[in-house]
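S.K.: Start from the sequences, fold in the hints, and give me the full structure.
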Amino acid sequence: MRYQRLWILLGSLLRRNIQIINGRRLSSAASVSTLRKVIVSTSDDIFTNLALEEWIYEHDDLRNQSLLLMWQNKPAVVIGRHQNPWLECDVNQILRKDVHLARRKSGGGTVYHDLGNLNLSFLMDRSLYDRKKNLELVMKAITQKWDVDLHVNERDDILLESFYKVSGTASKLGRDKTYHHFTLLHDVNKENVFKFLDSKHATVGVHSRATQSLRARIKNLCEADPDIQFDSLVQAIGKYYIKENNSKGSIQWIIPSEELFPGLLKLKHDLEQWEWVYGRTPKFSLTRNFTYNDYGEHLVLKLNIEIDKGLIMDIGIDVSGLSQEEQVITEFISKFKEILIGRRLWTADILELIDNFTRDFKKTDTDLNTYYPWYEIIQWISSCLKKTLHL
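Residue 258 in the working numbering sits at position 127 of the sequence shown, with consecutive numbering throughout.
There may be inaccurate statements among the hints.
Below, in silico cross-link-like pairs of lysine-lysine (DSBU-like), each with a Cα-Cα straight-line distance of 30 Å or less [stated by the list, open to error]: (1) K518 <-> K326; (2) K466 <-> K397; (3) K350 <-> K370; (4) K228 <-> K397; (5) K236 <-> K321; (6) K296 <-> K228; (7) K350 <-> K271; (8) K374 <-> K350; (9) K236 <-> K440; (10) K466 <-> K433; (11) K326 <-> K296; (12) K264 <-> K321; (13) K397 <-> K296; (14) K414 <-> K468; (15) K321 <-> K303; (16) K264 <-> K374; (17) K263 <-> K205; (18) K264 <-> K350; (19) K518 <-> K440; (20) K374 <-> K303; (21) K326 <-> K414; (22) K518 <-> K433; (23) K228 <-> K205; (24) K414 <-> K440; (25) K440 <-> K374; (26) K517 <-> K468; (27) K228 <-> K518; (28) K228 <-> K321; (29) K370 <-> K326; (30) K205 <-> K271; (31) K205 <-> K440; (32) K236 <-> K370; (33) K303 <-> K205.
Everything labelled a hint here was simulated from the structure, so no lab data went into it. The model shown is predicted, which means the values in this text are computed figures rather than measured ones.
M.R.: This is how it looks when you write it as structure tokens:
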């Protein structure tokens, strides 16, 4: 009986020292014996760097080593995996300014990148996943070298002076491994942040279940100390990361290439495709009402546009109050819907379709005496559709 109790007690103690993570049993001691490695990408292309991060996640063995990847990008807007680009940013402005728009593999909100932003990605075994610990490591590395007021809040943001956000964070959690990545604003163009992350769709007649970003006041680290720049941050954070775990090693600067990382170009290609950046957008709808008062007509136009995976799936165009030429307007609406349904919500293509169809439709009527008012009305309907789509 005495031995039986002893075995029960011993079994209880052993169970307390076992972690069950996603079906894998790991002793608590196994989570502290990993080596650490630091890699800095020399590429400033958002798609290359996101592909590199994904390549490391997919191919590296993270059971016995953890890795910190750092990089910077030329101007780019990066949305989360489950977000709607049309609700998060000014897509037309981004395209006009030749700024890249990318969708990453992790969740979270939308961020703006440029060469004044340091990106950090902590890649590790799933058992080691701890967002707050990663953020606090970066915070300590910075505050040990520079006299700046930083802390990590309950939302896992790094705040400067207890108020200004200098970091946005997101994660990808797999069965056995994970990465946690975040931005660090040291000298970002704040004017571009506000300009490009201002969606024209965000407040007018939009119905969507996509994850939406929370806007915050931001500030650059260089505003607290001008010596804080990309190279100095890389050195401070990289060395602290290695030293904290008593690991031996140095910061490695690498040129991402197909030779070093076989399959990297395929990952990059997939991230650049319209089907990934725009086509993964959750279903949403745009609804607007307009009124028309001219040529003795008082009209009310109701528009409802259903968009799924970046494609126009249905258009509701309802005009009430027509007193004349109702048949012509009805025919126009019917044909108008036919040419738009199934099309990509892509500004240049849709704008050309609308303008060409509206212009050419009048050629089908040979009686010039009926040119007004119906042609004015179809032009008005076209302009309302463009306003709804912000074309």
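S.K.: Mind listing which of the numbered hints don't hold for this structure, in increasing order?
M.R.: Hints 2, 13, 25 and 29 are the ones this structure does not satisfy, whereas the remaining hints hold.
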